[in-house]
Amino acid sequence: MKNKCLIIPKKKNDLDEININFLLPLKGFCVGHKFEVTFEEIKSASYILINRLLDKEGIENLESLFFKNKEKIKGVVFEDLGVLEIIKKLNSNIETIYYPAHTMCSIHTVNACLEYIDTLILSPDITKEEIEEILKLAKKEICLMIYGPLPYLYSRRTLLTNYQKVNQLPNQKEETLYEKTTNKQFYFVENEYGTVCYDKKNFDGRELLQKENVKYYILDVQHTEYENITKWLNLFFESKPLPNTTTGFLYQKTIYRLLPRKE
Amino acid sequence: MIELLAPAGDLEKLKYAFHYGADAVYIGGKNFSLRANAKNFSLEEIAFAVSYAHERQKKVYVTVNIVLHNEDEEGLEEYLTKLSEIKVDAVIVSDIYIVKLIKEKKIPLEVHLSTQASVLNKYSALFYKKLGVKRIVLAREASKSDILDIKEHTGLDLECFIHGAMCTSFSGRCVLSNVTTNRDANRGGCAQICRWTFDLEDKKVFSMTSKDLNMIPYLKEMMEVGVNSFKVEGRMRGIYYIATVIQTYRKLIDKIQNNTLTEEEKDYYLKILNRCANRESTPQFFHTLPTEKEQYFLGREEVSNQDFLGLVLDYDKENQIVTLEQRNYFKIGDVVEFFGPNLETFTYEIHKIENENGETIEVANHPNMIVHLKVEKELEKFDMMRIKVFDKP
Numbered sequence: 001m002k003n004k005c006l007i008i009p010k011k012k013n014d015l016d017e018i019n020i021n022f023l024l025p026l027k028g029f030c031v032g033h034k035f036e037v038t039f040e041e042i043k044s045a046s047y048i049l050i051n052r053l054l055d056k057e058g059i060e061n062l063e064s065l066f067f068k069n070k071e072k073i074k075g076v077v078f079e080d081l082g083v084l085e086i087i088k089k090l091n092s093n094i095e096t097i098y099y100p101a102h103t104m105c106s107i108h109t110v111n112a113c114l115e116y117i118d119t120l121i122l123s124p125d126i127t128k129e130e131i132e133e134i135l136k137l138a139k140k141e142i143c144l145m146i147y148g149p150l151p152y153l154y155s156r157r158t159l160l161t162n163y164q165k166v167n168q169l170p171n172q173k174e175e176t177l178y179e180k181t182t183n184k185q186f187y188f189v190e191n192e193y194g195t196v197c198y199d200k201k202n203f204d205g206r207e208l209l210q211k212e213n214v215k216y217y218i219l220d221v222q223h224t225e226y227e228n229i230t231k232w233l234n235l236f237f238e239s240k241p242l243p244n245t246t247t248g249f250l251y252q253k254t255i256y257r258l259l260p261r262k263e
Numbered sequence: 001m002i003e004l005l006a007p008a009g010d011l012e013k014l015k016y017a018f019h020y021g022a023d024a025v026y027i028g029g030k031n032f033s034l035r036a037n038a039k040n041f042s043l044e045e046i047a048f049a050v051s052y053a054h055e056r057q058k059k060v061y062v063t064v065n066i067v068l069h070n071e072d073e074e075g076l077e078e079y080l081t082k083l084s085e086i087k088v089d090a091v092i093v094s095d096i097y098i099v100k101l102i103k104e105k106k107i108p109l110e111v112h113l114s115t116q117a118s119v120l121n122k123y124s125a126l127f128y129k130k131l132g133v134k135r136i137v138l139a140r141e142a143s144k145s146d147i148l149d150i151k152e153h154t155g156l157d158l159e160c161f162i163h164g165a166m167c168t169s170f171s172g173r174c175v176l177s178n179v180t181t182n183r184d185a186n187r188g189g190c191a192q193i194c195r196w197t198f199d200l201e202d203k204k205v206f207s208m209t210s211k212d213l214n215m216i217p218y219l220k221e222m223m224e225v226g227v228n229s230f231k232v233e234g235r236m237r238g239i240y241y242i243a244t245v246i247q248t249y250r251k252l253i254d255k256i257q258n259n260t261l262t263e264e265e266k267d268y269y270l271k272i273l274n275r276c277a278n279r280e281s282t283p284q285f286f287h288t289l290p291t292e293k294e295q296y297f298l299g300r301e302e303v304s305n306q307d308f309l310g311l312v313l314d315y316d317k318e319n320q321i322v323t324l325e326q327r328n329y330f331k332i333g334d335v336v337e338f339f340g341p342n343l344e345t346f347t348y349e350i351h352k353i354e355n356e357n358g359e360t361i362e363v364a365n366h367p368n369m370i371v372h373l374k375v376e377k378e379l380e381k382f383d384m385m386r387i388k389v390f391d392k393p
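Just so you know, the sequences run in chain order A and B.
The numbering of the first sequence is the numbering used here, which starts it at 1 and goes up by one.
The numbering of the second sequence is the numbering used here, which starts it at 1 and goes up by one.
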């Protein structure tokens, strides 16, 4: 099971654990991650995370970096379809893993996209029932997010800095925000490329383990407290209870059309 | 030829959009579109809209930009086929499945890629071009250099927003509505949570609301870098907003193309737009990244207004009498102005008001009441009367 996991690490020491497949946020091409790595820090072929939407400068810089470092790339998880075109130009066996955070929500969309990529990560905004149906009918093995903070908003704006400037507050790149009417807590994190809002709780999707037709399980431990990543993973796979978690949308089906008011 | 593309939430708004100078409108059907809670168009209404538009050499684009869930696919192919039979000018799509379905089933529909796809670079644009997309509605975050680069490398038609409300996030990259209200933002149920306030841990109040977009200062540059269509946001907006915004941009575009636009006029039109929307608007991503100045924090300075006073129903040339449908309170002595697509906006002081029965009244204070005013300048049906606030340069 563990070798089917791609794990977004929290800190540099994690990378010393050699039996783990890490998914490494690439510095300058990610949002929402405090721990990022450069190609200089990557020692062997690895899975790379590019979760920014890339503008002209971003896509050109990435193309140049990928050409120089293609031997260090085993696979790429990406949000921007422009990345796929760069990988094609590299003419190598880099695995393409598409992750548009909120749009892989139907079997129709999944199968349409799988014609162009090796695999994709399902949107974590859908129910367990929807996930199971998609897994059953997907043309290729696909990936599931099974642990970590669910992303709810990605803005190009520096929302924390802007707020702090107006209110003459010291610059903080991360904040916890509380919404009173719904009693929800959110975690905002910002870098120069924008701001991401996550659920303050970690999504625990371990009930999705052992499903068929899964290529990789994705774990993001950036907001998890642990000393040693391997020990924490052992607890995770032993199904030990974890603090401060949510089942996200697994049992929360969203609606989009309001019912007419009763007279 | 730059296209001015207006939103139309229903048939009435569509007619006003065309009347006030739009070259094309985008509308949503009852299904498969965002803005699920707008009135939207039935297939019969879409057919009427297309015929109405084509008679006037205008275009109708239909949004089919839902992010599909498994159960949403039912009826989609039939719907797209119907749209093609109706001869809509294009569909606006974001889900790759729908783009491919149109191509594979050889449904004769032009496909425009929705801004929900967040295209910002040439490679992403090329990917969609290969899928058969003819036009891309770029992400609102696209800068001048992004637009120029995409145009140069793809030759695709490019559509950019020039006016209206902004998402705080990249469009489509937000499910705050889903998690807080259970309403699915990417299927048209967005509850605009980015306009709510949040508490920080020290109880200070945080907000992240974006001001609206307006691109008045950069319209000319946008034309020069190859934007083909200027899009106005606002399918939920009323006829006064549609008329004011579309007429303003029509005039701006025409004046830019004739090289007659002055700085004073730019300032004047900006004031008109901001007042009409009752929100401040600024350019946002075109030249530099937005800062705190492009957001609202606690307290907006604008106050709600009732500027839209009346709608012209008829004009009696012989007696110089206009018949108006009242939309907001006005009275004798008020200084107002009339505007319309074939009319140079002019100031008018109300000296006398007659009601439907020809009786003189002091105030027009009943919603939708019919009144008569003596106005010497000729007016047309669908012209509008508003409070005069700004002097025209």
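Bear in mind the hints are in silico, worked out from the structure with no lab data behind them.
Do not rely on the hints blindly, as some may be mistaken.
Unchecked claim - Lysine-lysine pairs mimicking DSSO-like chemistry, simulated, CA-CA at most 27 Å apart:
(1) A:Lys136 / B:Lys105
(2) B:Lys30 / A:Lys253
(3) A:Lys11 / A:Lys56
(4) A:Lys139 / B:Lys30
(5) A:Lys173 / A:Lys140
The hints, checked one at a time:
no.	hint	result
1	A:Lys136 / B:Lys105	25 Å, holds
2	B:Lys30 / A:Lys253	21 Å, holds
3	A:Lys11 / A:Lys56	30 Å, violated
4	A:Lys139 / B:Lys30	31 Å, violated
5	A:Lys173 / A:Lys140	39 Å, violated
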